[in-house]
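There are 2 protein chains.
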Amino acid sequence: MKEYDLIIIGSGPAGYVAALRAGQLGLKTAVVEKAKIGGMCLNWGCIPSKTLIESAKLFDRTLKASTFGIDGIDPKAVTFNWKKAVDRKNRIVTRLVKGVEFLLKRNGVETISGEALLVGRNNVAVGADEYSAKNVIIATGSRPEIGKCGPIDQSKVVEIDQLFDMSEIPEKFAIYGSGGTACETAVMLRLLGKKVTIVSPQQSLLWFLDSSLSKFISDKFSKSGIKVYAQREITKDGEGGVFSDEDFIECDKLINCADRKAVLPERSGVDIELVDGFFKVDEFMRTSAPSVYAIGDVTGQMTAHAGSAQGACAVNHIAGAKTSFDPLKIPINIYLDPEIAAVGLTEEQIKAKGIEFKKGEFPLSVNSKAITEGATEGFVKVLAESKYGEVLGVHIVAPNATDMIAEAVAIMQLEGTLEDVGAVVHAHPTVSETVLEASFKALDKPLHI
Amino acid sequence: MKEYDLIIIGSGPAGYVAALRAGQLGLKTAVVEKAKIGGMCLNWGCIPSKTLIESAKLFDRTLKASTFGIDGIDPKAVTFNWKKAVDRKNRIVTRLVKGVEFLLKRNGVETISGEALLVGRNNVAVGADEYSAKNVIIATGSRPEIGKCGPIDQSKVVEIDQLFDMSEIPEKFAIYGSGGTACETAVMLRLLGKKVTIVSPQQSLLWFLDSSLSKFISDKFSKSGIKVYAQREITKDGEGGVFSDEDFIECDKLINCADRKAVLPERSGVDIELVDGFFKVDEFMRTSAPSVYAIGDVTGQMTAHAGSAQGACAVNHIAGAKTSFDPLKIPINIYLDPEIAAVGLTEEQIKAKGIEFKKGEFPLSVNSKAITEGATEGFVKVLAESKYGEVLGVHIVAPNATDMIAEAVAIMQLEGTLEDVGAVVHAHPTVSETVLEASFKALDKPLHI
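Here the protein sequences come in this chain order: A and B. For the record, in the first sequence the residue sitting at position 198 is 362 according to the working numbering, with numbers rising by one throughout. For the record, in the second sequence the residue sitting at position 269 is 433 according to the working numbering, with numbers rising by one throughout.
With the rest of the complex left out, here is chain A (with noise of 0.2 Å):
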């Protein structure tokens, strides 16, 4: 029996950057994966999406070209080529895949092909073969619960990575579900002309967000022409469509972008404790099971970089460094139009506690460089604790939020306060200087207001 000092289980942005990590290490690793090297977010998940989300903000921005001062487009004229878009896509995938093969191998991780059974705690089979390792990291990820878009033709449900894969695609959606995914799906189809309806199980999109940032985006969907059904569930079968409760959804495909739920590695000779179907983990990713680790989507943490950052923490634990992985300090970015970034606690979440705490909040429509990007939708919001200013969130709903979300999580890595954040001189022209403004507005004093 070949023997490992690790073995990880999956190959997506959890899996492969420990692997990598182990690598560097000195460990001898392997990585199992039952289908493609980075697994969903390369394949059919971040990756795919963000690059068909480029594609449909630019055709946006084309049409809205002349305001800017371009000549000679008929928006009339322009039209979407979703094939051509795919097969962008695709060459982009193969690329990052192929990079992340490449850094595997000079890593010295090895790659085994298969499923993955755990035999124990220390022992790994694929097929036929059966491995052993002193320690094994499972990062198998998760998937939107399939079954769950109620009684209908299952041929009209398309789950999100067949969507990214499809030829060409209709006019007409509806999707089923309330998160991020749904979200940005919903948006990637309306910039593209498509008629979409949202059927959202939650109360509000998005609803694990600050209420300012799922507010935001229920009044902008409803202002771009997004239909949302909210806390509803799709109840019976229709010609042309489908009904939720007495409203009838035309649509010529359902998109499933239901809850994500843990995909768990079958087991056999080994219990491993489980919260809500992920598994269970402490502050250094070891599941109940001694010697076995879990990280990424199948601890609950539903980010790619959730997923890597845990991917380090755990195997610099096998290593005998002890590094921990705080979960309020992940920043959680939604690919909208404007994108939506945050990162700490809520409003929502500070009242819980009893926290005493300031606020601010500051929009982009006085942003000088929003307005001459023609993008002034959107707002920084601030929060921190009274007593010593510290920063305990920020929420961004701005054009580039995702990039901008990085100097809010460094402050709070980095236990900045509202006079740190207020001492840090922003660009001018710039959109990040609204996180200056807002955390000047928590502090009573902004400038541009």
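Source of the hints: derived by calculation from the structure; they are not laboratory data. It should be emphasised that the depicted structure is a prediction, and the values quoted were computed from it without experimental measurement. Warning: the hint list may mix true and false statements.
Derived contacts from chain B toward chain A, CB cut-off under 7 Å, selection only [to be verified]: (1) S219; (2) L222; (3) I234; (4) N245; (5) L492; (6) I494; (7) N497; (8) S532; (9) T566; (10) D567; (11) G580; (12) D584; (13) P593; (14) S596.
FRET-style restraints, in silico, Cβ to Cβ [as the list claims (entries may be wrong)]: (15) R259(A) / G389(B): 53 to 63 Å; (16) A483(A) / S529(B): 23 to 33 Å; (17) P334(A) / Y552(B): 50 to 60 Å; (18) G389(B) / R270(A): 29 to 39 Å; (19) A485(B) / K248(A): 43 to 53 Å; (20) T487(B) / R259(A): 40 to 50 Å; (21) S529(B) / A485(A): 28 to 38 Å; (22) S529(A) / K166(B): 51 to 61 Å; (23) D608(A) / K166(B): 43 to 53 Å; (24) G284(A) / K551(B): 40 to 50 Å.
Ideal Cβ placement from N, Cα and C applies to all residues, glycine included.
Based on these hints, arrange chain B on the given structure of chain A.
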């Protein structure tokens, strides 16, 4: 004679921010402006240029839209309507100027129109009127040196503020200068398909930046068809152009982007020490004349946000609070394609100081978000001292560098180390991950390369 706590001469981003802060702190404040509220930056500098660059970038992007799956745009039919773009710029400037006027009023700041004469240390004359103030802040800005473009027909020369107000522009430009304005103007005109030649009095464009950035720009300009004559002057006039030594440069207009010189206000009965033509100031922005402060370009700090920060610092000092201004933590943003941003020490400065240092460079070409955007030119370079790993400088070339730099400034302001940056979870997929990777690389453990 009307009496004030504070008179500020000049209403650019240094002066008007100082005025707003003074108003907030309850100082009886007046601001004297000889031209337009908002000064050079708002009326003829940063904002007009960023607005037109935004248009130029979109123009270029529409020409490449097909790559992203957008059909129906004929690049040959797409034209740039300069007049329309300038009209948009004018609307934006008008809106922003009104905004500043409104803010000044709301903060109780009076506005005095006309050219100021500083009389002694506490009086300011404007035309026939004279005003007194406990303190005076000089914020009169700078402008490119006139007459530096050589012995040529002056009707060929266009100042940068004139360019932004022309209702149409010709096809061929020469640009005299080596700094940010010269480069931004060259890139904007080149994106619009114009023929552009730069005559740079300095050996390198952007010579004040880390040499990796100026080298990138030099290569990029060469690839994009911007001809640069380095360490040259314009020596002779010519038919349909100008000469630099033996080289004939075909051009319809020559844009003056010579180094900026301080615009000093008229003074009478007061001596204020100058260094190289700029006011000498201490850490609280005090000049050599008691009760007279100077802020902004007139002190040699040539960015709007440095001026604003100096303005806050000066007013805080006047109001009795000591906050300091650290020129090493002032970002420099240059809006090219891709953008350039930097903060802190360059590698050359670190070497010259004999500091032991680590460095990490990470290219955008392997960053997944940059790949989805189809914008992979650029890199991030992080420099830190060796002992504790404190970050000393960050230098970025990226499509969105001017927003990304905010994180770097925050880290430096909070005296963060490479390990601290490594602990900041950067959202995936974002271009900001390159900051993390460059820091990992400086620590000798990059992940994605």
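Out of the numbered hints, which ones does the structure contradict? 5, 15, 19, 22 and 23
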